[in-house]
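For the protein sequence lines, the chains are S and W, in the order given. First residue of the first sequence: 1, per this note's numbering; consecutive thereafter. First residue of the second sequence: 1, per this note's numbering; consecutive thereafter.
Note that these hints are calculated values from the structure, not bench results. Do not rely on the hints blindly, as some may be mistaken.
[Unchecked claim] When the alpha-carbon atoms are kept at most 25 Å apart in a straight line, the in silico SDA-like pairs for lysine to any residue are as follows: (1) Lys37(W) to Thr150(W); (2) Lys122(W) to Val24(W); (3) Lys17(S) to Thr138(W); (4) Lys50(S) to Gly23(W); (5) Lys51(S) to Asn116(W); (6) Lys122(W) to Met16(W); (7) Lys122(W) to Pro26(W); (8) Lys50(S) to Thr35(W); (9) Lys17(S) to Ser99(W); (10) Lys17(S) to Ser131(W); (11) Lys50(S) to Ala43(W); (12) Lys17(S) to Gly62(W); (13) Lys37(W) to Thr71(W); (14) Lys122(W) to Ser99(W); (15) Lys7(S) to Trp31(S); (16) Lys18(S) to Leu42(W); (17) Lys51(S) to Ser125(W).
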Amino acid sequence: MIVTTTKGNMDDSLLEKKEGSVDNDDESTTWVEYWLDGELVHRSAHVTLKKAPSFAGAETASF
Amino acid sequence: MANTQSMCTSFMGELMTATHNFGVAPIRAATTADTFKGALFLASATLNASTTAYATTGEVTGTNYTAGGVTVTNATAPIATNSSVTAGVAYWTPSASLSYSNVTLSTAFDTVLIYNSTQSNKAVSVHTFGSQTITAGTFTLTMPSNTTTTALLRLATT
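Using the sequences and the hints, build the whole thing.
Here it is, written out as structure tokens:
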């Protein structure tokens with residue numbers, strides 16, 4: 001697979017791949033990194049928001 | 001039968017479509033939906049509920065990132081739903097993910113500002129997430145499900 005990097009497009013077989021993820025009440029996030037000789041040459045991230053953090057309330061006046 | 005004091009849920013939905021005006025408001029040039037955009041901001045920025053409009057202060061900069069961010073896809077109109085005789089929710093969520101392709105954003109960012117580019121870049125909402133950097137890659141922000149409890153924007157009575 002071809003990966004866009006700071007060195008131009010490269011085949012991923014030439015690169016070291018690292019992946020990670022975070023999952024909590026607010027978001028589910030994954031990221032992928034490609035390294036070349038100890039240098040980070042690609043990092044992408046995908047954040048999925050699970051809900052809006054704030055909730056607006058409203059009410060009418062009581063008489 | 002009895003009457004119940006309540007704010008009409010339809011009103012909240014109509015707030016989202018600029019049907020009501022209690023004060024001075026801009027003259028709307030069209031009846032179509034406005035254009036909304038999503039801009040990314042550094043973790044060191046100070047966006048919050050007092051933010052009134054998009055400004056470049058604190059916005060990310062980097063290769064292939066255009067100041068102002070990307071256009072929000074808006075194919076689904078706001079929905080207003082009653083949950084009881086006194087309560088309801090009006091809600092809206094962008095209909096597609098926000099994607100920033102082939103960018104390099106070296107300084108950590110953790111916020112997207114949704115704002116109305118049709119109406120003088122007035123702010124809509126601030127959403128935070130875990131701090132990120134991007135290197136010659138793509139940052140994708142997928143929206144929550146468009147429901148009464150998870151939609152990106154919700155106005156509610158309880």
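Against the structure, the hints come out as follows:
1. Under the criterion of a C-alpha separation no larger than 25 Å, the hint pairing Lys37(W) with Thr150(W) is consistent with the structure, at around 20 Å.
2. This hinted pair checks out: Lys122(W) and Val24(W) have alpha carbons roughly 15 Å apart, not beyond 25 Å.
3. About 16 Å separates the Cα atoms of Lys17(S) and Thr138(W), which keeps this hinted pair within 25 Å; it holds.
4. For the hint pairing Lys50(S) with Gly23(W), the CA-to-CA distance comes to about 35 Å; that exceeds 25 Å, so the pair is violated.
5. Our distance criterion of 25 Å between C-alpha atoms is met by Lys51(S) and Asn116(W), whose separation comes to about 21 Å.
6. For the suggested pair Lys122(W) and Met16(W), the alpha carbons sit about 14 Å apart, so the restraint of at most 25 Å is met.
7. Between Lys122(W) and Pro26(W) the alpha-carbon distance is near 12 Å, which keeps this suggested pair within the 25 Å criterion.
8. Our distance criterion of 25 Å between C-alpha atoms is met by Lys50(S) and Thr35(W), whose separation comes to about 24 Å.
9. Our distance criterion of 25 Å between C-alpha atoms is met by Lys17(S) and Ser99(W), whose separation comes to about 22 Å.
10. At most 25 Å may separate the alpha-carbon atoms for a hinted pair to count; Lys17(S) and Ser131(W) meet this at roughly 20 Å.
11. For the suggested pair Lys50(S) and Ala43(W), the alpha carbons sit about 20 Å apart, so the restraint of at most 25 Å is met.
12. Pair hint Lys17(S) plus Gly62(W) holds up; C-alpha atoms about 23 Å apart against a cutoff of 25 Å.
13. Simply put, Lys37(W) and Thr71(W) have alpha-carbon atoms about 4 Å apart, close enough for the 25 Å limit, and the pair holds.
14. A hinted pair counts as satisfied when its Cα atoms are at most 25 Å apart, and Lys122(W) with Ser99(W) qualifies at roughly 21 Å.
15. Between Lys7(S) and Trp31(S) the CA atoms are separated by roughly 20 Å; this keeps the pair inside 25 Å, and the hint holds.
16. Proximity of Lys18(S) to Leu42(W) is assessed by CA-CA distance (about 24 Å); at most 25 Å being required, the pair is judged to hold.
17. For the proposed pair Lys51(S) and Ser125(W), the alpha carbon gap of about 13 Å is at most 25 Å, so the pair holds.
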